[in-house]
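Kindly produce the complete structure, drawing on both the sequences and the hints.
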Amino acid sequence: MSTVRVRFAPSPTGYLHVGGLRTALYNYLFARKNAGTFILRIEDTDQTRYVPDAEQKLLDIIRWSGLTYDEGPDVGGPKGPYRQSDRIEIYRMYAQKLLDEGKAYYAFETPEELEAMRAEQERRGLSTKYDRRALKLRTDEVRAKLEAGVPHVIRLKVPDNVTITFTDIVRGTVEFSSDQLDDQVLIKSDGFPTYHLANVVDDHLMEISHVIRGEEWLPSTPKHVLLYEYFGWTMPQFAHLPLLLNPDKSKLSKRQGDVAVEDYKEKGYLPEALINFVALLGWNPGDERELFTLQELVQEFSLARVGKSGAVFNVEKLNWMNAEHLRRKASSEILPMLKEELARSRFSDRAFADEYLLMVIDAMRERISFVRDILAKSPYFFEAPSSYDADVVKKRWKKETAAHLTVLRDAFMKLNHPTREQYEAVLHATAQQLGIGNGQLIHPLRLALSGVGAGPGVFDLVAILGKEETIRRLTTAITKLS
RNA sequence: GGCCCUAUCGUCUAACGGUCUAGGACGCAGCCCUCUCAAGGCUGAAAUACGGGUUCGAUUCCCGUUAGGGCUACCA
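For any residue, its number in the numbering used here is found by taking its place in the first sequence, counting from 1, and adding 53.
Treat the hints with caution; some may be incorrect.
As the list claims (entries may be wrong) - Simulated crosslink set (EDC-like; lysine to aspartate or glutamate; CA at most 20 Å straight-line):
#1 318 x 444
#2 533 x 463
#3 430 x 444
#4 86 x 260
#5 370 x 426
#6 302 x 260
#7 304 x 260
By construction, these hints were calculated from the structure, which means they are not laboratory data.
This one's a predicted model, so the numbers in the text were calculated from it and none came from an experiment.
The structure is reproduced here in structure tokens:
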């Protein structure tokens, strides 16, 4: 029984794609479930796409997501370095080995020449593929070019007419003909490796047991299989995950909405909810449960239950899930989040006691999907209403209402440190005294205090706002709405 | 174009040949609860792409068609 070692190997592009988060999650879950090791490896071999701070941002957002890794660029580990740009010599060495054994070769075409070649192939209705013109060069010609410093790449020499087969854990047996494969560039002219070489070399050196990655890699897997064979290395097991899709079923992309985990963080989604949601995109526990903590996912996860077809990223369901996770949190956990939202809002200059905010949270927690909804749906907890919802006024505020509320206000005034229950008793008594239904006081009271017709129970509202503020708002409403 | 992958309600999915009147969830609609709004409970509309096989029996296995997607870079 071999040990499980898996990796998430993102390239630092400046943000983490939610599809990448799902890939990271499945790797994490698989590792934790099987008492294995989860490795983070930075695949920064594309100099042209270098983005400053991208790696740090990536690390930060992974940390936010709650996925912890055992080996990685910032935590170290026995198989490092974990940043590919720090491993260039290693790749060059292995490329040289391939060169020596005739399994790879130098090529000297410029990007422009290659583009012209492809254009010509396309014009003639052929599939675009490197035509191996460099293979026609004699050894002395190659040596001369190298000595003259002509820019060059190293290409993989793909054998003719062989069938490359591998088993994918989610897809079963997959077959490719080598004739379809391009002589993949292994080392670019800047000396950096391409994904294909670096990935295979690192996975081997880091003793990766399972390669769990997105389906977009399926077509290049035969190239990787070939490399393992050329090097004489045992192959890891492959598991290609179904793609995450836009509503129009194309591969999830920017342009059609938010794809960066950072975007969702920014919008106020809980990491627990986002993790739970992407976990269910392509995997299910086999029963009807849907709400999971990370720990529960670890217990339940298995690659055998990963599906094959792409999944549309449906924000509606994510919103519901966020609300569910929010409800499961203790109010004390929500408190710092609410404070943060307040600090970023127009109420930033106001101070509220923790006990007060905690009461607000308890009153609102069943009514929101996001912490910031507390501000949006119930600003009246943070400032007196400046206007009254016209529809509600029309429906609830009758000509005699001002008089009724005045009686109620005066009754409230006589109270000494009243409880929620006392407010309720007083209102009931007042209604009886006035010979009206409780609703004829309750609805106008809510309107006076909040300016709107919806929200927590009025007695909770009154109790939270307190006697003084309640009376103040009642007085204002009586004046303004008369 | 070539190669590869995929195909159950609008969306996420269950079903691993019979228990299918095809189950659950989100969303949607209605009802109940109720001081409002939520939450909760109940109910409803909503799917096996199509055509051939295999089988006593196909959502499930095979083939084809169609549709969608991915890849086809000195990007990952």
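Right, here's what the structure says about each hint:
1. 318 x 444: Distance of about 35 Å is beyond 20 Å: violated.
2. 533 x 463: Roughly 18 Å between the alpha carbons, so the hint for residue 533 and residue 463 holds.
3. 430 x 444: Between residue 430 and residue 444 the Cα gap is close to 17 Å, so the pair holds against 20 Å.
4. 86 x 260: holds (18 Å)
5. 370 x 426: This hinted pair holds, its Cα atoms lying about 17 Å apart.
6. 302 x 260: Between residue 302 and residue 260 the Cα gap is close to 36 Å, so the pair fails against 20 Å, i.e. violated.
7. 304 x 260: Distance of about 31 Å is beyond 20 Å: violated.
Hint compliance for this structure: hints 1, 6 and 7 are broken, all remaining hints hold.
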